[in-house]
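Asks: Here is what each chain is made of, one letter per residue.
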Amino acid sequence: MEELKYPFDSAYILKKKKSLKKSILNKKENLIELKIAILSGSTIGELKNILEIFLLSYGIKPVFWEGNYNRFYEDAVFGIEEIKIFNPNIIYIHTNNKNIEEFPEVFESDEETERKINKIYLKFCQVWEKIKETLSCSIIQNNFEMLPVRLLGNQDTVLKFGKLNFIKRINEKFYQYSRQNSSFYINDIEYQSACYGLDKWFDNKLWYMYKYAFSIDAIPMVANNIANIIKSIYGKNKKSLILDLDNTLWGGVIGDDGIDGIKIDMESSEGMIFKDFQEYIKSLSNMGIILNICSKNENEALKGFEKESSVLKESDFLIKKVNWKNKDENIKEIVDELNIGLDSFVFIDDNKMERDIVKQSLPQIETLNINLPEEYINYLDRAGYFEVTSISDDDKKRNQYYNDNLNRNSAIKSYTDYKDYLKSLSMKCEVSEFNEKNIDRIVQLINKTNQFNLTTIRLNYDDVKEHINKNCIAFCSRLIDKFGDNGIVSVIMASVKNDIADIDLWIMSCRVFKRELEKTMFNVFIKKCIEKGVKFVKGHYIKTKKNNLVSDFYESLGFKLIYKDDLSSDWIYEVPIKSDCLSNIMEVIEIGKE
Amino acid sequence: MERNEIFLGIVEILKDIFDDDELEIEESTSSEDIEDWDSLEYINIIVAVEKRFKVKFSVDDIKNIENVGAMVNLVERKMSN
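Chains as they are written, first to last, in this note's numbering: chain A, 1 to 594; chain B, 1001 to 1081.
Derived by calculation from the structure, the hints in this document are not laboratory data. Remember, predicted model here, so these are calculated numbers, not experimental data. Yeah, the Cβ is synthetic: ideal placement off N, Cα and C, and Gly gets one too. Treat the hints with care, as some may be off.
As the list claims (entries may be wrong) - Listed next, the stretches of chain A that the computed footprint assigns to chain B, with coverage defined by at least 3 CB atoms under 8 Å from CB atoms of chain B:
(1) 9-16
(2) 212-222
Claimed, not checked - With a cut-off of at most 25 Å between alpha-carbon atoms, the simulated SDA-like pairs for lysine to any residue come out as follows:
(3) A:Lys-16 with B:Ser-1030
(4) A:Lys-98 with B:Asp-1060
(5) B:Lys-1054 with A:Tyr-6
(6) A:Lys-48 with B:Ile-1043
(7) A:Lys-22 with B:Ile-1043
(8) B:Lys-1054 with A:Asn-204
(9) A:Lys-18 with B:Leu-1040
Said to hold, decoys possible - Each pair of labels, with its calculated beta carbon distance range:
(10) A:Lys-22 with B:Ser-1028: 26 to 36 Å
(11) B:Tyr-1042 with A:Gln-400: 24 to 34 Å
(12) B:Ser-1028 with A:Asn-26: 44 to 54 Å
(13) B:Ser-1031 with A:Lys-211: 36 to 46 Å
(14) A:Ile-80 with B:Ser-1031: 35 to 45 Å
(15) B:Leu-1040 with A:Ile-80: 19 to 29 Å
(16) B:Asp-1038 with A:Glu-433: 50 to 60 Å
(17) B:Ser-1031 with A:Lys-564: 51 to 61 Å
(18) B:Ser-1031 with A:Met-272: 50 to 60 Å
(19) B:Asp-1033 with A:Met-272: 30 to 40 Å
(20) A:Ile-562 with B:Asp-1038: 45 to 55 Å
The task is simple: from the sequences and hints, build the whole structure.
Replies: This is the structure in structure tokens:
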């Protein structure tokens, strides 16, 4: 949806919300449904409708429960049973500085201001803790923005009884809580209101007449931020960039200007612009975003990265398509080689014609509308493609994983028999139960995996913890081979009742398809079934747009079909007395519970 | 700006907000005549009108708008100030 892309026209979105909603609903398929409760510190009003539009554009269909006006505390602390019936996946707490009941007085003592900080913090804490103990859902909490007026002028932010200072200290306490509690996320309206401009952010008329805490025109920006957090929690972030070269990563055209002529240094303002942009891209790569190149050029053009002043080096890019083929063809090849979904990519090219071709032929690829080079960073940053909600160790290593995979792919070409190739990898599979160290990655995999995913059930941190407290067989596996460590790549979770194990969830990262890991996992699973006295295993396949790969998976393992319709199938497997080995291609190491 | 131009601008806003091109609007049209016109939409209309004609209404102004015609009058007055 072009209309919802940064920098969007707020007035247009507000005015056209109904027709925007209709047209997204017409286009999008396979929406995931999420239940979202909004607790109110001030009028929610239009925020709900606009949030819905942004979420729909990310493929998420929200169902809302709206709390009573300015009753966020009472609704959570005394009315949690009602919210429990709704059973939300997400609770968003819509508060701002209008909800700070008590500010410090001028010349108040440090102890007294400290007491007031704790009082407000504890009030919010009570809300969060009540939610945490009753429900298993993620919480999104606004921090507090600055005030429109400063009694103490510039000292208001300095002195401990200054209101601005006071707000900053409460915010820090909120952040501390967020750092210590997974599934608790801050929606940073302090930053958003600053970007928007505080003078425009506060609209006294709207406050006094309708109790809107901030300007209606700012609602699309805030809604977009909340939607970004939600889409990130549910694994809908982008993963990879595809970049053009000339006038995208450096100034000028390398074919015409030569290596010495392209602008990427501190010598000119143009050079500085591109150097800064490269630095931003480099930081994204450090976060685990995969970089690729797609440029209409001679292969020679890559020499541009040899320039000493170039921040990015050729080795920072995983796949480089530098040739004269059409960009959409090159991009398709990149997507195939990486084996991640089309909707995980962002394409950046200064040339509008190239962008239009890609938009036309590969609409699932996000194409960044850029214009002036000095604004490239802003466009990319504000779009919120890579909103961070958790950084697992895997994110930090992702580039390495994919690089190892490319090495594997070139090794495969030297073997005629695939089995021989697999053997040559000397694979090791480390099986482990869930623990504090691996749970972030497990939750991430559960929410991100689309292709090898039998049921596409999405769970958050607390859901997973709840599941493993019951009688169950649940473990994850890490795959290591001679080219490197793939990290944790597969998870299986089954509930056990009497002598039946029911596989609720089984997923595997596309990084390790066709390595017989699934068979190895099943061997381990059956071994655990035998230990637990399980006689039968039930499996389910629930069809989505992306998981056709595993539609016959249970059959391939020897399960018998017991039910089938267009959208799903149920399977059963009788556990043998002694497990047959489906695959012995890799060594299995079981790691004890920590 | 001509009075009629202001009227047509407001009509366009109402059609957008209620997502209904067939909407029949006259100067006497008010919240009574349009089903979806609740207090939430009323604020949206006010904000959209302010933005479109680059004017700012006061709390006092908003209290006294009883129909589309009154809104046109208000915009006209604000624009001539």
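Asks: Each of the hints needs a verdict: does it hold here or not?
Replies: Here is what the structure says about each hint:
1. 9-16: holds (count 4)
2. 212-222: Held - the stretch 212-222 of chain A has 3 residues with a Cβ nearer than 8 Å to chain B, which meets the minimum of three.
3. A:Lys-16 with B:Ser-1030: Holds: Lys-16 (chain A) and Ser-1030 (chain B) sit about 20 Å apart, inside 25 Å.
4. A:Lys-98 with B:Asp-1060: Cα-Cα ~23 Å, so holds.
5. B:Lys-1054 with A:Tyr-6: 23 Å, holds
6. A:Lys-48 with B:Ile-1043: 15 Å, holds
7. A:Lys-22 with B:Ile-1043: Status holds; Cα separation ~22 Å.
8. B:Lys-1054 with A:Asn-204: The given pair, whose Cα atoms are some 17 Å apart, holds under the 25 Å limit.
9. A:Lys-18 with B:Leu-1040: Given that 25 Å is the threshold and the Cα spacing comes to 14 Å, the pair holds.
10. A:Lys-22 with B:Ser-1028: 26 to 36 Å: 30 Å, holds
11. B:Tyr-1042 with A:Gln-400: 24 to 34 Å: 57 Å, violated
12. B:Ser-1028 with A:Asn-26: 44 to 54 Å: Since the Cβ atoms of Ser-1028 (chain B) and Asn-26 (chain A) sit about 36 Å apart, the hinted range of 44 to 54 Å is violated.
13. B:Ser-1031 with A:Lys-211: 36 to 46 Å: Cβ of Ser-1031 (chain B) to Cβ of Lys-211 (chain A): about 19 Å, so the range 36 to 46 Å is violated.
14. A:Ile-80 with B:Ser-1031: 35 to 45 Å: Distance hint for Ile-80 (chain A), Ser-1031 (chain B) holds at roughly 36 Å.
15. B:Leu-1040 with A:Ile-80: 19 to 29 Å: Given range 19 to 29 Å: holds, Cβ gap about 27 Å.
16. B:Asp-1038 with A:Glu-433: 50 to 60 Å: 54 Å, holds
17. B:Ser-1031 with A:Lys-564: 51 to 61 Å: 54 Å, holds
18. B:Ser-1031 with A:Met-272: 50 to 60 Å: Cβ of Ser-1031 (chain B) to Cβ of Met-272 (chain A): about 55 Å, so the range 50 to 60 Å holds.
19. B:Asp-1033 with A:Met-272: 30 to 40 Å: 59 Å Cβ-Cβ, so the 30 to 40 Å window is violated.
20. A:Ile-562 with B:Asp-1038: 45 to 55 Å: 51 Å, holds
Checked against the numbered hints above, the structure breaks hints 11, 12, 13 and 19 and satisfies the rest.
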